[in-house]
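K.L.:
Work out the full structure: start from the sequences and follow the hints.
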Amino acid sequence: MIRLDGISRTYDVGGEPVHALVDVTEPIETGEYLAIMGPSGSGKSTLLHVLGCLDRPDQGTYELDGRDVGRLDEAELSLVRRHTIGFVFQFFHLVPRLSARENVELPMIFAGIDPAERRARALGRLRAVGLEPRATHRPDQLSGGERQRVALARATVLDPKLLLADEPTGNLDTVSGRHVLEILEQMNAAGLTLIVVTHDPAVARRARRVLVLKDGRVVYRGQGSRIHEAVEILSAGENGA
Amino acid sequence: MRPLDVLGFATRALRGHRLRTALSLLGVAIGVAAVITLTALGEGARRYVLSQFASVGTNMVVVLPGKTETTGAMPGIGGVPNDLTLDDALAVARGVREVDKVAPMVIGTETVAYGEKRRQVALAGATHEMLEVRRLGIAHGRFLPPLAWDRGAPIAVLGSKLAQELFPASDPIGKVVRVGDWRMRVIGVLEPFGQQLGLDMDDIVFVPVATAMKMLNRPGLFRLLIQAKSHADLSRVKQAVVRLIAERHGEEDVTVITQDAVISAFNSILDALTMALAGIAAVSLAVAGVGIMNVMLVSVSERTREIGLLKALGAGRHQILAAFVAEAVLISSAGGLLGLALGFAAVALLVTIYPALPAAPPPWAVAAAFTLSVVVGAVFGVLPARRATRLDPVAALAGR
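The listed protein sequences derive, respectively, from chains A and B.
Following our numbering, the numbering of the first sequence begins with 1 at its first residue and continues without gaps.
Following our numbering, the numbering of the second sequence begins with 242 at its first residue and continues without gaps.
Incorrect hints may appear among the rest.
To be verified - Derived DEER-like restraints, expressed as beta-carbon distance ranges: (1) B:Gly-640 with A:Gly-31: 26 to 36 Å; (2) A:Pro-115 with B:Arg-256: 10 to 20 Å; (3) A:Asp-12 with B:Ala-619: 33 to 43 Å; (4) A:Glu-74 with B:Val-524: 33 to 43 Å.
What the hints assert, rightly or not - Over the 10 Å line for every Cβ pair with chain B, so calculated as not near, a few chain A residues: (5) Val-13; (6) Thr-25; (7) Gly-31; (8) Arg-81; (9) Glu-132; (10) Asp-140; (11) Gln-141; (12) Lys-161; (13) Gly-177; (14) Asp-200; (15) Asp-215; (16) Tyr-220.
It is worth saying that the hints were derived from the structure and are not from the lab.
Even glycine gets a Cβ: it sits at the ideal position worked out from N, Cα and C.
P.N.:
Shown next, in the form of structure tokens:
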């Protein structure tokens, strides 16, 4: 599904080059459940943005679903983001003036789907995350867990193949966090490729596979069940610093 | 993205900051109202002047003694025009085929007295033809009868105001008034008429032209008013009259003015005035556009995260552009509609206060003002919208 080959991304911060990603080569299979870990500044968010076509690598090729994404222009990229990729963010990013249903409808508005169908599909997705009774509530009338579930419904309403979650439980209490993860995993079980960026080992251990990034390089690959190895590498890095 | 969805999205966004939206909308409304009101004033002035001319009749040719040109002749030789005489008038009436009616006229000032009441008014020497050529109306009695032009008669027709002043309680018909040193019998009273080309037609006394020339001791006429048979004949009448009188006088020493020339001169002056007023008002619309741009720039920077999100959800550049331009156009066109309402209300108020001024905004100004308001939104909305489309999605999501 995904082939990253020699991906590098360098930022210029105050005249100093910052190597956010250095020569990352990684295949990711369809239907995978992958967790990306790493200390802040390790490049894990940059990797997620590259995967989500929000950021372009300076070097290397990124092949998504058989297409070389690096060669696409801005208009084609927005279509890829709309139809192939779903995003979930730590801070939910719901549009505050729109109701839960209207937030879920947003991607369908850009896709030009007619209003009646939009409404029906949005309500169906809200039902699937257990929020149909909350459809008319605005984000400020919802709890954190509910907001993230609305965001999940929105991210998947156009049936993407790849779901990218940036610290999806980072702003939630344990119970709502687990609820959100369970929904994510159900979607993954139904065939959706799921990539979660987290610094929480409890989240990462649920993934089938874990990558650890450090200074822009992949320093560990392993199974989620062997999360203690990843944690050791991370803490070794912290001690060494 | 469907057009209705673009509008819906923009409307929801505008509702989020009502005061800001209302204030920038008001700016456009004031601009449009200014265009409507000022052009209505200009148009009112134009209609007022034209109606003044129209009341005289549009097939009219006026002959004035003297030629408006500077000649280089020695003093005393040439340059002094011949008088325009009653014989000239008769020659025109008989000799030019396209002429319908000729009304010779002399003007002076005299005191009209009845008993102890006296009043200084304009004395007009005229003939029977004057009634039709000048579109006068008779309230009581009759106008000057169709006499031979060179025959005088001690009869007078009074303007309505003069009649009211001299005979506040009684019927003036048949009474004898003194006009200067002459005793005249009143045979008619004019309908109230108002001002006509600088002459108060209500405060006037008409006497036969031959009598007036004797009273004022004038050998020549003041004006010759000619009514052509049709509007199309005007220029031919003008040429024929000039030729005929030049023949009789041995030189071209009269000035002939057609009503058309005067009207079109006034028309173009007043059109220019209206355009200038519209231009001044349009400047305020441009200022309102800058206001909209300002509001939209604030909106874009406030909604940076939202724009980042829209990009992450797969909104294309042109979709984001459309959404933000739509917001600006919504503000400006709503302001335009409000401005039309304000403008028409102001014009209605103006007409109520000054009923004599037929103020009404010309249709082109109404259309232009509203169109311009929509265009202003689109033009001044583009810059902020482009700024939105150019945001880097990663930085925008982080609120940077």
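K.L.:
Should the label of A:Glu-132 as a non-interface residue stand, given a Cβ cut-off of 10 Å to chain B?
P.N.:
holds (21 Å)
K.L.:
Just want to verify: A:Tyr-220 was marked as not at the interface with chain B; is every Cβ pair farther apart than 10 Å?
P.N.:
Holds, because the least Cβ-Cβ distance between A:Tyr-220 and chain B comes to about 25 Å, which exceeds 10 Å.
K.L.:
Regarding the assertion that A:Lys-161 does not contact chain B, is the least Cβ-Cβ distance greater than 10 Å?
P.N.:
About 13 Å separates A:Lys-161 from the closest Cβ of chain B, which puts it past 10 Å; holds.
K.L.:
Given the hint of 33 to 43 Å, check if A:Glu-74 and B:Val-524 actually sit that far apart at their C-beta atoms.
P.N.:
Once the Cβ atoms are compared, 38 Å apart, the range 33 to 43 Å for B:Val-524 and A:Glu-74 holds.
K.L.:
Checking the smallest CB distance to chain B, is A:Gly-31 really beyond 10 Å?
P.N.:
holds (22 Å)
K.L.:
Run the C-beta distances from A:Asp-140 to all of chain B and say if the shortest one exceeds 10 Å.
P.N.:
The claim stands: A:Asp-140 keeps its Cβ more than 10 Å from every Cβ of chain B (closest is about 13 Å).
K.L.:
Beyond 10 Å on every Cβ pair: is that true for A:Val-13 relative to chain B?
P.N.:
Non-interface label on A:Val-13 holds, nearest chain B Cβ at 12 Å vs cutoff 10 Å.
K.L.:
Holds or violated: is the Cβ of A:Gln-141 farther than 10 Å from all Cβ atoms of chain B?
P.N.:
holds (16 Å)
K.L.:
Return holds or violated for the Cβ distance of A:Pro-115 and B:Arg-256 against the range 10 to 20 Å.
P.N.:
Once the Cβ atoms are compared, 19 Å apart, the range 10 to 20 Å for B:Arg-256 and A:Pro-115 holds.
K.L.:
A cut-off of 10 Å on Cβ-Cβ distance, and A:Gly-177 was said to be off the interface with chain B. Does that hold?
P.N.:
holds (21 Å)
K.L.:
Falls inside 33 to 43 Å, the C-beta gap from A:Asp-12 to B:Ala-619?
P.N.:
With Cβ atoms ~36 Å apart, the hint holds.
K.L.:
Are all C-beta atoms of chain B more than 10 Å from that of A:Asp-200?
P.N.:
It holds; A:Asp-200 is separated from chain B by about 20 Å at its closest Cβ, greater than 10 Å.
In summary, the structure is inconsistent with hint 8 from the numbered list given earlier, while agreeing with all the others.
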